[in-house]
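Going down the list, the sequences are from chains A and B. Numbering-wise (numbering that gives the first Met the number 0), the first sequence opens with residue 0 and increments by one. Numbering-wise (numbering that gives the first Met the number 0), the second sequence opens with residue 0 and increments by one.
Errors might be hidden in some of the hints.
To be verified - Quick list of in silico lysine to aspartate or glutamate cross-link-like pairs, DMTMM-like style, CA-CA up to 25 Å:
| # | chain 1 | residue 1 | chain 2 | residue 2 |
| --- | --- | --- | --- | --- |
| 1 | B | Lys350 | B | Glu360 |
| 2 | B | Lys355 | A | Asp28 |
| 3 | B | Lys136 | A | Asp43 |
| 4 | B | Lys50 | A | Asp227 |
| 5 | B | Lys399 | B | Asp130 |
| 6 | B | Lys377 | A | Glu145 |
| 7 | A | Lys206 | A | Asp108 |
Note that these hints are calculated values from the structure, not bench results.
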Amino acid sequence: MKRIKKDRILPFLKEMNKTQKVFSPQVSDNKDLMFIPLGDGTYDENIGKTTISPKIVLFPQTEEIISFRGNSISKITDSSKTLLFGVRPCEVKAIQFTDRFMTRDGLTDPNYMSRREGMTIIAVACHEPPSDTCFCIDAGRMPYLENGYDVQLFDSGAYYIAIPGSDRGEKILEDKNFEAASREDEVGVEGLKDGALRSQKNKPGVKDAIKRMAEDRVDEAFWERLADRCINCGGCVYVCPTCTCFNVYDVPSRDGYIRCRSWDACLHAGFTRETSGHNPRPTQGARLARRHEHKLKFDVINFGESGCVGCGRCSDACPVGLGAIEIIKEVNRV
Amino acid sequence: MAGLAASFGSGAMTNSIQEFKEAEVFFVIGSNTMEQHPLIASKIIQTVTQKDAKLIVADPRRIRLAGLATLHLAHRIGTDVPLLNGLMHIILQEGWEDKEFIKERTENFEGLKTVVAEYTPDRVSEITGIDKDSLHKAARIYASAKRAMIIYAMGITQHISGTDNVKSCANLAMLTGHVGFPSTGVNPLRGQNNVQGACDMGALPNVYSGYQPVTDSNVREKFEKEWGVTGLSNKAGLTVTEMIDAAESGKIKALYVMGENPLVSEPDVRHAARALRKIDFLVVQDIFQTETADLAHVILPAVSFAEEMGTFTNTERRVQLSGQALRPLEGTLPDWKIICEISSRAGYPMKYSSPKEILEEINRVTPSYGGITYDRLKDSWGLFWPCPDADHPGTPFLHKDRFSRGLGLFEPREYIPPAEPVDEEYPFILTTGRVAPQFHTGTMSRKIPVLEREAPKAVLEINPKDARRLKVREGSMVAVESRRGEVHLPVMITPNIQEGVVFSTFHYPEHNVNELTIGALDPVAKIPEFKSCAVSIRRI
């Protein structure tokens, strides 16, 4: 265990930035808190909860995956080294979930995994929820981590107490900006963990909702009624840290074609429409059901845990009040 | 816009979008808000579902918003004036009008009373197809609320009676005192990010910026002085659809089209195409090759919004600064630079150095934009006009204590049916509109794979009973024919449309429903009647 004075964070990140690309939560020009590459002195002390999760670094909104040039076809992957500073525990849980999804049944997504392998994660535990919509405990996750990080930081006021979680993390803590932690710091961490567990008040009832959905107690009419409100913007999907559906398309380049992929959303009609015109999810209600059944029913069957880590971003983003929190509460009212 | 300007003195949304959250009643007429203004709709949806606000939807189609409505009035196409007159008739009969507001703030109330007296529930029910109970209920819900909003869009304006429809909306609001207060007013939703701004800047045939008439000699002198010229025209010019007719008759020899695609968007588009081919010199300025650009003698490549900076004025009269996100492609220029270059080559050197300098001129010559400066916009989320000077905070809602024209003017209107009635030969009404994923003639949205996938082709929406009668199934191809053209479309069978009415969109040049639409115009605003024409349908 080590610790770092908060005013040493920026020098530390600048040091790290020499050998890899460092991202940290910063307020963008449009006043959103986002993971943004470290610039000169742009580190923002407020870690908070970013509008879009660090998914955007591992799985960019749009990326090139294959290039076609004459008769040659080549894969495009990005294996550059990155360091994400200020990742929240729920986001680490989401990355761990996505890792399993992206390597499932021996099939690996090369674009995701090449970035993932080059990524170092410095997590910051939440000793109080960064926003009112946080519900990680209710969603079966925790506001601090047992694994899945390289370094985990606990905020003790003037210092961050740093715990390594991997060899890579051990190495990072050798940086000169870190100092030895005291016995009090160790005790302090336990206190922060207790406080974290107590301070989260938002409890929409994920377990109950999972149970009700497993028992098929939610019918089509339920989803159609809620979907009357859905404006089909896809915002809930784009901000979700575990949603990774994408669309593939080709664009002309100077000397051939580039195959790209971009984030897609299961709420869009064209997502499941078949070439014949038939759509197995023909209504907005059926599509809304698909999304939430995926998270709360099929992920539980396939991975043993729900696909919702309780970050609350969909409830922050939805313009009509149809995020996971609202849906879970509605399911529990059935 | 002309209608509201006549009634209130200003042709724009009376309220800001934020105020929607405090409204008690929304009366949405002729606006498919969830498809066409989804984020404004989201405010309505939240207010209705979370605060129990009431929602009345008046629309011939069962649009998505109708699913959340307290009451859906599916009136016949083109019967908006009798519907609104009928509601006013009931309000007066029941004594629900706001007598004090009428006395203090309006004129010609007697004229209104005389006209709406003829629109009895029996007669209105017969014209509109709406039962009397629903009419009574709608009148009560709207009139009895404290903060009620009328929201409308093209479903009101794209008729030969468009201006009358707008004036009738204004009459209803004034009759009940529902204008001039927060979260209370008449809100026409504009369809593009800057169509309000384009109108504000005088991109209209009859006004300079800020709606200053070209016929006013004081205004003319002001602009002559600012620009260092003499002899600015004192005559109003032509609207787009009139220009097409003038091109056809040879009166117009040259046409300079910026960011428009009339070869797809004009009504009776075969006529428009014939007219445009007669033009001696056609210039098209756009960001992509359009169908209209295919006919052009000169194409001027402009940049997209993301490659330039400047200001936009959105539907709620909010002026916002837009920054440059991308470097322009080689060989392209921002629209303002192209115009400066053309003007300079034509003999009037136009030497603005930046959008900021242009805004400074706007501030000098446009009273409503007087205080909307670059520096103020830079540090804010925008300013609402009117904002006459640098210390003015802007005006989120209009007509507080006084209408822009002084007293609000009741201009009662009579029912005028659509220009082309159905008959034996053409027994269906075709009404046209849009879908959420596509934008106008698709010059931009159809290049975006996900949007194109969402709505890849034009379909003809038809009632199940009509489909049965025509012996067509989902996806069957039909020939839709009007007196002006014929288009082949697959059908989409839906109970959301009335019997005898079919709906399609004009986003798809390969199946352009504007080959069918009629060039009949509203006599004041000159807007074409895209919402109604007579067609026949046969299976192919």
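Hint check:
With a C-alpha separation of about 12 Å, the suggested pairing of Lys350 (chain B) with Glu360 (chain B) holds against the 25 Å cut-off. Restraint check for Lys355 (chain B) and Asp28 (chain A): the C-alpha separation of about 20 Å stays at or below 25 Å, so the hint holds. The hinted pair formed by Lys136 (chain B) and Asp43 (chain A) fails the criterion: a straight-line CA distance of about 56 Å is larger than 25 Å. With a C-alpha separation of about 17 Å, the suggested pair Lys50 (chain B) and Asp227 (chain A) falls inside the 25 Å cut-off, and the hint holds.
This hinted pair does not check out: Lys399 (chain B) and Asp130 (chain B) have alpha carbons roughly 36 Å apart, beyond 25 Å. Pair hint Lys377 (chain B) plus Glu145 (chain A) does not hold up; C-alpha atoms about 45 Å apart against a cutoff of 25 Å. Straight-line distance between C-alpha atoms of Lys206 (chain A) and Asp108 (chain A) comes to about 31 Å, which puts the hinted pair past the 25 Å bound.
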